[in-house]
Each structure stands twice: as C-alpha cells, then as structure tokens.
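Q: Chains as they are written, first to last, in the working numbering: chain A, 4 to 267; chain B, -9 to 138; chain C, -1 to 660; chain D, 1041 to 1168.
It is worth saying that the hints were derived from the structure and are not from the lab. The C-beta atom is built at its ideal place from N, Cα and C for all residues, glycine as well. Be aware that one or more of the hints could be misleading.
To be verified - From the structure, some residues in chain C lie toward chain A, with a derived Cβ separation under 7 Å:
hint, residue
1, E340
2, E341
3, A463
4, P464
5, S465
6, G466
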Amino acid sequence: MVYSYYPGCTLKTKAKDLDKGARRAAEALGIVMEELPEWQCCGGVYPMGKDEIATKLSSVRALVAAKEKKQDLLTLCSACHHVLKRVNNDMATNEDIRNKANAYMELEEPYAGETRVIHYLEMLRDVVGFDKLKEAVTNPLTGRKIGAYYGCLLLRPSKTLQFDNPENPTIIEDFIRAIGAEPVVYAYRNECCGGYVTLENKDLARSKVANIVESAKEGGAECLITACPLCMYNLSNNNAAGDLPVYYFTELLCEALGLDKEGN
Amino acid sequence: MQVNDNKDFQPTIVAFCCNWCSYAGADLSGTNRLQYPANVKIIRIPCSCRLNPIFILRAFQRGADGVILCGCHPGDCHYTTGNYYARRRMSLLFSMLDYLGIEKERTRVEWVSAAEGAKFAATMNEFVDAVTKLGRNHRLEDLRCKKQ
Amino acid sequence: MQRIGVFVCWCGSNIAATVDVNAVTETLAKEPGVVYATNYQYMCSESGQNLIKDAIRDQKLTGVVICSCSPRMHEATFRKAAASAGLNPYLVEIANIREQCSWIHKNKEEATEKAIILGRTAIAKVQLNAPLIAGESPVVKRALVIGGGIAGIQTALDIAEAGFEVDIVEKKPTVGGKMTQIDKTFPTLDCSACILTPKMVEVAQNDNIKIYSYSEVEAVKGFVGNFTVSIRKKARYVKEDICTGCGLCTEKCPQKNVPNEFNLGLDTRRAIYIPFAQAVPKVATIDPNYCTKLNTGKCGVCEKICTAGAIDYTQKDEIVEQQYGAIVVATGYNPIKLDNFEEYAYSQSPDVVTSLEFERLMNAAGPTGGVLLRPSDKTHPHTIVFVQCVGSRDVSGCGKPYCSKICCMYTAKHAMLCREKYPDTEVYVFYIDVRTPGKNFDEFYRRAVEEYNVHYIKGMVGKVAPSGGKLKVQASDLLNNEQLHIDADMVVLAAAIEPDKSARPLATMLTASMDTNDFFTEAHPKLRPVESPTAGIYLSGCCQGPKDIPETVSQASACAAKVIGLLAKDKLTCNPCVAHSDELMCNGCSSCANVCPYGAITYVEKEFRQPDRTMLVRRVASVNPAVCQGCGACTVACPSGAMDLFGFSNKQIMAEVDAICK
Amino acid sequence: MENLEIARELERISGVNPRKCMKCGKCSGTCPAYDKMEYHPHQFVSMVETGRIEKLLESESLFTCLSCFACVERCPRGVEPANIIEAVRLMKIRPQNENHLHAEQIPELLDENLPQQAIVSAFRKYKK
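If we strip away everything but chain A, and leave its shape as in the complex, we get (with noise of 0.2 Å):
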C-alpha cells in the first residue's frame, strides 16, 4: 500500500520522535509513505469561521497534490489529522468554500474533496490490521500498563472526523494490545488537556493535565501514549508532579517491532 505522506511543521523540528519511529514502523509493515513534495503547514488550528477562505488553502493544496496522485492522504500529527480532514470536509459538502476556493487555486480540475484523509492509527487498524500488528511483533511489551491519551483533535467533531466513538474510543487501546502491553482504560482519555491554552494560560492547562495524569495514575498506568505533539509537550511539561512519562505511540511501536529509536 502506497500513500501520500503530510509529516506537518513539528515533526520535522519539534516532535521528530513521531516521525521518525512511524516511518521505520512502516517500511517493516510494508507501507509505502511517500512524503507530498513542498506541502505547506495546515495551519495548525482548524479556522471555523464559515467566511474563513485563506486560511483552508494550504490544507487543499496537501489535499489536491494526493489526488493528482491517486493516494490517500496518510497524517500523523493529530493537529493536523483534524484540519486536513475538516478542511476536506468543508470542500465537499460546503458549497460556498468549495467555489471560492476552486475559483482562487484556479486548478484544471476543481477539488470538491475528493482524497480520503487517514490517520496513521486508522491505517494500521484498517489497512494492516491489528491481529496482522500482532504476529510482527518481534519484543512484545509484556507486562507494560499504558493509557491512551486521545485528546480532543482524533475524535471530535465525531460526525466529520469518524475516527472511533468519541466518548468511548477504543482504537489505541486495541494498538497498545496489539504491541503486546496491557491499555489501562480510564475516564478522562478523551477529555482536553488544555494545549491551546499552555503558553499562556499555564493554571488552567495545569489544572487539566492533572486531572488526566491522575484519572491514569489511578488505573494504574505507567505511561501514556498520544499522537498529538501538542498534548506531549502539555502532558509532559505541565504535570506538576511529572511523574508520569509521556511517549509518542510510534516509539512504542518502533519498540515492539524491534526497532531501535534511532531507526537501525
């Protein structure tokens, strides 16, 4: 399986770790990413005005370059993952964003949201499959209790992103099985954890990353893992206790594939 791969501005400087790990997965899983040349940041921060133009057109240009090449659009990064998707949403079932937008990229073919947008969890659940993850699992994480921390940017808005039930989502518990470790469910998985607010609002993103990292703790986790930079750095950096280590879930994966870090 071959597919057009928008890496997103952190994990080329901030959250290499990410990519990294997820690009050495995938080769031994035998999937192909082939970075999008030249794509340009997503935004980041999905411009929910109706009237908001300019600011989807990076996102339809990544969206556009995949369907000229006939592949589905692969994201890791769950910022992102949710602007890319809502961005191609809005393109095909907005009538009024579709046709200023087609009429500014003024493209021989206009992009009515043609590409699929897939999650790199997604991929591995639908596409490689979770028991097949399994059987190539060299060094099992045996033994190892890991949370899931969802955050809000995979699940919700459920109806566009259709990523798993967003109250009650399972995909990342079944990868934590899958890599052989035991996923420790618990309430506030899926609740924010105050990222938008972490360069200056520091109390509040406080506040909810200790309700998170005690709701784990509590089930007994030793560690979480995210697909979210933004959520690591919130987790990791605003846990007045830091007590609780937070991975990308590619490193795990790396791990139980019997990858090293670095990629050999």
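Fit chains B, C and D to the known structure of chain A by using the hints.
A: Frame of chain A; chains B, C and D shown alone:
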C-alpha cells in the same frame, strides 16, 4: 405584468377546496359572516390531491382569471399525504403556467384548516385583489368560449 | 333525456334576505334538462322534504339539485329523502348558497347572480351523476391484538367483554409487557405487579380470548372486516398444554449463565425458564441459543425430571392461519440503546444504569430482592444522580427528536422512592424542563422537591467519569451559573423510548402509515386518534406515541370501543365514491398504486380481445372498493386517464369548471 | 437594533443558528474551561441570540475556550457553541490593533520544547 385600469373589471375566480379542511373553512367564514367578493366560486373536491392539472388548464381555457387551491395544512391531510402530492404537482404546474405567460399571481395554493374561517376570507380578499390588478386573462383562452 | 328538479331553499330569511329566491328559481328553471323548479321556506323541514319526494315521483325526476345550506349540513338528509322516493341518493347535488353566498355577501343583486351560477354549476354536475350503490362487505367477528402488554391486554379484555372473540399475539413467552418490569406506578406509588397481574389472569381465563404467546405475525392479507393473518408459533420445546408450570426444570437445568432479560441482564437465568412467577401462560420455554441439548445433543436433564412429560426437543415452529375483522397494533416501546451517549459511561461502569434497570434494582422480585445496591460492589449507594432527557429531544442524530413524555414522572418517582426508603441518600435530578401535565402529576413532582428534599437542578450532565469506585459527575447548574462536580455512587439515565423494532415490518405488512420515528400515524391527530388511516387497523398504546400507563389504558379502551363498533356490524357499507379503473385504458404502469396511501390498488392479469380477434393478457389495475377511501390521488397520477373517481369524476368537475367560467 | 445586526453577522460567520438552542446547559456541563470563564458556552449562545454582544467582546472568556469541541460533540440540538465562540473571537480580532496577543509578547512566552501548534493556537487569536 399588465396593470388593469378598467375599474369595473370583475374577475372570474375558481376555488378548489378539499372537503375536509378548506371547504369547512369556507363554510365557517360564512357562518361568521366574513365578507369576501362574489367573484369566488368554490368547487368541492374530496382532497387537494384530486385536483387534476387539467381542471386548472380548463378553467383558464374557459376564461377564468385566477385559480386557487385550498387544502389541509401539511401533516393534517385526511388522507395522510394527499396535500403533499398536491403541493408538488401544483408547484410544477404553476411554474409551467408562468412560462406560458399566466402570471404567478393568478394561481395559488393555500392551506386552510376547518377552523380558519378568517384565513379563508382574508385569502380570498387578497387573491381577488391581486387578480383584479392583473386584469383579464387572455392567455390559454379558447376563443370559441369567449365571453360576449 | 335528463329530468332535473331544482329546489331553492329560503332558509327562513337566511338565504331569502340576500338572494332573490324567485329570480334564482325562474332562471334555473330555464336551464337545459330542468323540468321542475320551485322554492320553499325550509327545504330541510318535513314538508320541504315531502315537496322534494312528491316532485321526484310526480315529475319522474332523474336528478335533484337543492340550493340551500352547505352539503356538510344537510346532504345526508336530502339524499335520504330522495332514496325514500325511489331516486338513487347519489343523484342529488347541493348548491351551497348560504355559507358560501347569502351569508358572505350584502349586495342582493350580486348574491343572486352568484346563487344562479352556483345552482347552474350543480345542475351541470348532476347531469353527469351516475347512480351509485354503496357496496357491502362481510365482517369476521373476531379481532387480533398484536402485542400483549398493558395496552393489548386492556383492548383485548374490553373487546372480549362486549362478547367478541379476540386473539392476542405476543412475541415473548408471557404477556404483561413492560409493566411487569416496573416496580411502582406514579402518581399513586401503588405496586405495578399488583394491578397488572390480575388483568393477566383475567386474559388467560376469559373464554373469548386466546393467547398466542411466543408467537409473531408472519403475514397479513385482506382488508377491513376480512383480514387473513398468518401467525408463527415459535417452538418453545415445551408442550404448552401439558406443562404445569411447576418450575422444577428451571431449577435443575445445568446451564446457569444465561443473561436474564426480565431483569435486563442484571442477573442470570437457566436455559429453560419461566420469565417470572406470575407469567401468563405459566409455561416453561427453552432458549435455543443456550440449551446444551439442542446445541450438542447431550444433557436432557429437563426431560428426565419433568414428571408431566412436557419437554419436546423436536418441536418445530408452527404457522397458524386465522381470519379477523379488525387488527389492533399494540407493539409498545423500548428504551433506546445508549451507544451514542458514552459521555455518561453507561458501558464503562456497571453503576451507571437506565431507569428501567433501576426499576428492577428497586423491585422486590428483582436481582437484589428490592434492596437498592450498586451493581458493581453490592454496596448501598449514598449519592445518586438522575439524568433526564438522555436521547430525548435530541436532533443531533444521536437520539430521538421527540419528548419521551414519561421520564419526568418516573424520575420523580424514583427520586422519591430512594429518599423514602433510604433517607441517608442524597438524590440529584438534572433536568432541562420538568414536564408534568396530568392529573396529580405536578403535585407529585413538587412533593419530591418539597417533602422529600430531592435536589432538582436545572442543567445537564456533561460527563460521567468512573474513578476510584465513584462516578465523577460534571454538570451545569444554570440557575446558579455554576459547574457542579458531584462524586456519585450511582447514575441513573432516563433513556428515551422508541417504538419496538417489530413495528416497522409490521406496518409494511398492514400498509399502515408511520412517521419518521416509526410511530404509527393516526387517522386524524385530534378526532380519530386510535385508528390508523388504513381501515380496520387500530392503534393502542405506545406504538402510536410515548404514553404513560393511565393514558395507555384509556387509549386501549378507546381503541376497543372502535373495534367493537366495527365488529358489531354484520356488513360494512362502503363509501361508493371510490376510484375505479377503466381496464381498456389501463397500461398497468403502477403509478396509481405508488401514490395510494391505503394499498387499495392491486394488479390483475386479464385477457383482452384485440382488434384482430386474438386474445392478449395484460396487467391492469384493480381497485378494492372496500379499502379505497376516495381521495383521488391515483386519478391524477394515472398517465393514461384510466383512473377516475365516482362522485367526483373528471367529467363532473370539468362541467362545474365550465359552468362557473361561462 | 444594531446589536442584533451584529448578532446576525455572527450567525453568518459561525454557521450556527442560536435559536436551535433549547437551553439545556449540556455545553456548560461539559466545558473543561468553565471555571476560568466569565461567560460560559450556553451564555455565548444565548447572548448572541439576544444581541448582547458588547459584553462578550470585552470578556477574556473568548480566549479561555480550549477549542476542544466537547460542547459541539455533546450538544443534543446540533448548535455548535464552539463555532459561536470562535465567531465572536474573530469579530474581536479582525479590526486592526485589537489583537489579544502582540507579536513582541510571544518570544518571552516560548520555551524550546514548545511545539509550533502552541504558538499557532496563540496566533489564531491574532491578526496581522
């Protein structure tokens, strides 16, 4: 749109009323002595969905100046869905008539319940006014049926 | 040659004051076909009617036009008079010169002119009237009630009481329905079983009632007065007539781990079971999904211990065919599945329960013997949060757009019972609106607040987080503009109710219409609330819309009254103003059947003689006059003009149009 | 009257019809930033509906919303309170010199591990 300047003009108006709601509504406006012009003549049909577009064409052919259909409110049809059929059929027919040059103001669908005597009278007053302003209708008229 | 008589009524001065009745009479007398015209002070009076009757006989009239009040007033009167004089009643037409002429106009000249046109219009129509004979169809004097809950039971009892036979088809092994699972009833707090079980016994003992339990309706044919219904009696692997209901088998069966649906899965039962002690019929049923003998061929414990010899592992489903005059739908409701509401953690914590589960937890015959214990650790809950409107009034696509109607009251009941039985519990009720219309209902709710000190909070729960054996409830308190965080021991969800899943396929079988929520629609929302628009189909209970028990019972009895009214007749007189198809013109395209709301149109293969004398078999529409209600939708849909309506034919209406536009 | 016009403009930007709200308060029951907000999600919806926009425009609550979409997800009437809050935010920052954060403030808030998203999510409250 032509504007009528003949003050004595009396339009001929055919009103089709469904038996269960609008005909009863028309009766109620009579019971309450609510006036509306004598130009309106009512034909009773079992349901608004009984109205064949041909009847309307025939009316215009025979010299009617306006045709109005009254039925039960959506969801209240005695036969459950008849008024929905009527609404769909009439919207098609009226746009065709408009295309043929019979102004949109000459045709109308209105929902009048059995309790809405006042609405019936008001609707008829409005409709007669609107048609009177337009004057005689000559489109579709069959010259053999021309009035003396 | 037509011989038409015209009768102009003065209606005292009601007509005569604004309409010159003499002028109308004289003018109409000159219309073609009119041989007699007269006017009279009160045409509807006995002497007025005699005037008409005499004229019909003396003048040998072939049609009658009466210029009088609305046909909605006296059409039936004049038709009857004509019939008694030997004229077909459908050869009478009314020109409405009172409500639609004299009463709405002041100018006498104008009104007279209009009255003449209306009279002329009626004459034009009556020329084309055909004598119509109302058909008759026989009535099978037996009713079928589908669903054996309180609605079905009440309807069946009332019909049986009137002396007619009734069959109840119930898909579960026992009748009783949801009410058997309910602990107490509002607003009186009397025990549900205590008032229901005597009725169940009554149903079983009534000679006029036959219960098909563990059975489903398979197919329905026919029409009002004469339905043929196939009923599938599912194999229960126990001979119903031999089983004594001793219950020994249900104690000895080694398969113990079957979720007990009567207690909503809160405990277990055996593979052979009697749903509950007061079940009717009190007969054991083997659950084929769990029975070891049926699945592997080994075991047979129940057969060995049954002294009556009632067990029969070879039993097969059986189809029974039966005739009915009327069918009552009483398929009831279910709480919705809460998969879309995981923010309340229903599947994540056993201590989050639905209200119906809470009924079982409070019930003396329930899994905890009537002691309120948390399902997770069997401890006594001290803080209980009730959440209203879970899935009701929800247009987001997760729930139901309507108000489920019963939740406000049963939640008040639950809250009150909790506080009464366990005064040490704190009870919170989160509500959007409290809706308590009904006799003694609002007083009941206020008692919960004022006397039982239940905390009613205007707001909604946003999240329930199971944590450390507690349920962390996060909610808004809109009146105090606060967000609340409550550590609860139990959360009770007032789940929306929806029609039973069996209702949709049943509606298709019955050609009874449903709304978008799968509730059956009534023939008229105000005036015919217990009848389906499809003749002979009646609606009882929650299949028509959410209802509480008192409302269900009154609707069930109303429904029975309607059924009795039908069954009391030997023959049904049909409305003769129905559609009919000209077979020579019909091309069998199905356009008419597609718009018919009653399923009155079927297709038959018929042989026709061609111009070249060969015979050709064609498919043509055939209208069942007993089912057709005469709306006329098909007459307009028909592309070939084969469909027409008696009494309101194309020609008649066209003649009226011509007369008005002349 | 003028405020009602602004309210209709907000409805256009957000694509939300606040009259669909049935005042159940589930958005505010759900909101993770509730305690730090002066006006809460249900108040945003109701104040836009009735045209009381000025107070909202002056409130810090605009920038306290975490854009977690929990209110959008759980609203039983499909009202999307987060979209309304975003629309008010846009109305606040679109005029020149009305920025919530200024570019020169940003460097001192940064630390070296901070991912770009955090800066962008601060920047969304900012227009050049």
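Q: Just pull the numbers of the violated hints for me, sorted ascending.
A: none
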